[in-house]
Each structure stands twice: as structure tokens, then as C-alpha cells.
Amino acid sequence: MNDLFEAFSKAYVKALEATEKNNFSLARKQYLLMLHFHERIQAINSKTHILDITHNNITKVFSMINKT
Amino acid sequence: MKTAITLMFTVLLLTLASCSAKNNEQESAPLFKVPEKLLENQTEKEEKSEERILPVFEEKPLAECALLTKEEGKEWCGLEYEESEETSVSCTQVFRNKTALPVGIELQIWKKDSIADAKEKFEMDLAKLNGKLVDKKLPLQFKVEDQVKEITEFVNKKNVVKITSLPKNSCANINKVVSTLIKRT
Numbered sequence: 001m002n003d004l005f006e007a008f009s010k011a012y013v014k015a016l017e018a019t020e021k022n023n024f025s026l027a028r029k030q031y032l033l034m035l036h037f038h039e040r041i042q043a044i045n046s047k048t049h050i051l052d053i054t055h056n057n058i059t060k061v062f063s064m065i066n067k068t
Numbered sequence: 001m002k003t004a005i006t007l008m009f010t011v012l013l014l015t016l017a018s019c020s021a022k023n024n025e026q027e028s029a030p031l032f033k034v035p036e037k038l039l040e041n042q043t044e045k046e047e048k049s050e051e052r053i054l055p056v057f058e059e060k061p062l063a064e065c066a067l068l069t070k071e072e073g074k075e076w077c078g079l080e081y082e083e084s085e086e087t088s089v090s091c092t093q094v095f096r097n098k099t100a101l102p103v104g105i106e107l108q109i110w111k112k113d114s115i116a117d118a119k120e121k122f123e124m125d126l127a128k129l130n131g132k133l134v135d136k137k138l139p140l141q142f143k144v145e146d147q148v149k150e151i152t153e154f155v156n157k158k159n160v161v162k163i164t165s166l167p168k169n170s171c172a173n174i175n176k177v178v179s180t181l182i183k184r185t
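As you go down the protein sequences, you meet chains A and B in turn. Residue 42 in the working numbering is what sits at position 42 of the first sequence, and the numbering runs on without skipping anything. Residue 93 in the working numbering is what sits at position 93 of the second sequence, and the numbering runs on without skipping anything.
No lab work stands behind these hints: they were computed from the structure. Hints should not be assumed to be uniformly reliable.
[What the hints assert, rightly or not] 20 Å max Cα-Cα, derived PhoX-like pairs, lysine-lysine: (1) A:Lys47 to B:Lys121; (2) A:Lys47 to B:Lys143; (3) B:Lys183 to B:Lys112; (4) B:Lys98 to A:Lys14; (5) A:Lys47 to B:Lys183.
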């Protein structure tokens with residue numbers, strides 16, 4: 001489970017870096033990875049508001065990137 | 001004589017007109033001139049900053065049922081207030097770090113009609129979450145801890161309060177939060 005969190009965090013850092021550099025294709029990949037890890041975290045964990053909000057935020061950012 | 005007076009009046013009018021024109025020029029003129037290049041760079045920078053896509057999270061108003069203030073969440077946990085929600089049966093409040101990462105605490109309170117109802121919910125949660133009763137603690141409380149999350153739930157009078165920390169230790173002073181919530185319920 002901690003590995004999942006670590007993978008999620010790494011993807012997030014990479015996504016932010018890629019976004020800063022306007023490398024949106026890489027950012028997209030990283031946000032997709034985040035969604036994937038997030039789903040797995042959610043499946044293991046009991047459902048919480050924190051996870052829900054996080055999921056909404058990632059989806060929002062991902063859709064913003066997809067529009068560019 | 002008449003011509004002389006008219007001439008003098010005309011000269012006076014012209015002088016006044018030129019004075020007011022100068023004043024107008026002075027008012028409209030900038031106090032200092034900004035180099036055009038700098039202005040161009042500024043607009044470029046502004047455009048670029050608009051292009052950058054970073055997560056922007058809107059702050060939602062604190063519900064009346066909220067258990068902690070925004071300041072307490074920041075001071076005790078180092079977390080920002082995210083949102084609170086009130087339903088007919090419960091009230092939830094979330095504090096988290098303002099990134100996409102799922103790090104934060106969630107406070108939930110259920111206000112039951114009677115002490116017996118509150119105790120029943122507490123016991124059901126204890127069994128459902130496979131919690132461990134905390135010894136010698138009043139009010140009654142249990143904890144659930146795994147590699148990722150930490151849940152503390154207690155029953156006080158007609159209230160059941162659940163504090164979820166995800167991942168565990170995401171709030172630096174969770175004990176202070178728990179003791180404050182006990183006092184406030």
C-alpha cells in the first residue's frame with residue numbers, strides 16, 4: 001500500500017514538472033498513471049472524502065490538460 | 001478705448017486657455033515613463049502564466065456544523081481547510097494539503113437522538129472496522145491503524161465522532177484535535 005502511495009506521489013511530481021515545462025503529453029501520461037494508482041488506493045482503502053476530493057481534482061486537471 | 005479693452009480681454013482669455021491646456025497635459029502625462037520593452041515582457045509573462053496549467057482548488061465555505069476552525073486545522077495539523085458538508089444525519093469536514101495528493105484528515109460527527117442510539121452506532125462501527133478499544137479512556141473510543149490510515153472514533157453523550165487520518169500521521173498534533181473534539185461534543 002505504501003508503494004502505491006509512493007508511486008502516486010512520484011507520478012504527481014513528474015506531472016507537475018512536465019506541466020511547468022509545457023510538456024503536456026508527458027503530463028497527461030503522468031496524470032493517467034495517478035488515476036490508475038488512485039483507483040487502486042481507493043479499492044484497498046475504505047472510501048473517504050479525502051480520496052474523493054483528490055480524485056475530483058486529478059480528473060479536473062487532467063481534463064484541463066486534455067483541452068490544450 | 002473699447003478696442004483696447006477687447007484686445008486685453010482676448011489676451012487674458014488666450015493666456016488662461018494656454019495655462020489650462022498645460023495643466024491638462026501635466027495631469028494626463030505619466031509620473032514616470034515605463035520602458036516599452038519592459039511592458040512588452042510583462043504582457044508576455046502574463047500570457048505565459050495564464051497558459052501554465054496547475055491545479056487550482058477553490059475554497060468552499062465552512063459549514064455551521066464544522067468541528068474545527070480553519071486556523072486550528074492549520075496550526076495543529078499544518079493542513080488547509082478544504083470543505084465541509086452537512087447532511088440530515090451527519091457533518092463532515094476535510095482538511096488536507098493543497099495538492100492533488102490524498103493527504104489529510106477527515107472529521108465526521110453523527111448527532112443521534114439518544115445516548116443508546118449513539119452507543120449502538122459506535123459498537124457497529126467498532127465491529128465493522130475491526131477496531132481496537134482504547135484502554136482507560138473516557139469517553140469510549142477505538143482506534144484502527146494500518147500502514148496507510150488511522151481512524152479514531154469515540155462516543156460522547158449523543159454524538160459519535162470519527163477522525164480519519166490519511167495517510168496516518170498526516171496531522172502533526174492529532175491528539176490535540178481529538179481532545180478538542182471531545183470537549184466540543
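These are the hints, each one checked on the structure:
Distance hint between Lys47 (chain A) and Lys121 (chain B) is fulfilled; the C-alpha atoms sit about 18 Å from each other, no more than 20 Å. Restraint check for Lys47 (chain A) and Lys143 (chain B): the C-alpha separation of about 17 Å stays at or below 20 Å, so the hint holds. Taking the CA atoms of Lys183 (chain B) and Lys112 (chain B), the gap is near 17 Å; set against the 20 Å cutoff, the hint holds. Simply put, Lys98 (chain B) and Lys14 (chain A) have alpha-carbon atoms about 17 Å apart, close enough for the 20 Å limit, and the pair holds.
Taking the CA atoms of Lys47 (chain A) and Lys183 (chain B), the gap is near 27 Å; set against the 20 Å cutoff, the hint is violated.
The earlier numbered hint that this structure contradicts is number 5, and it is the only one.
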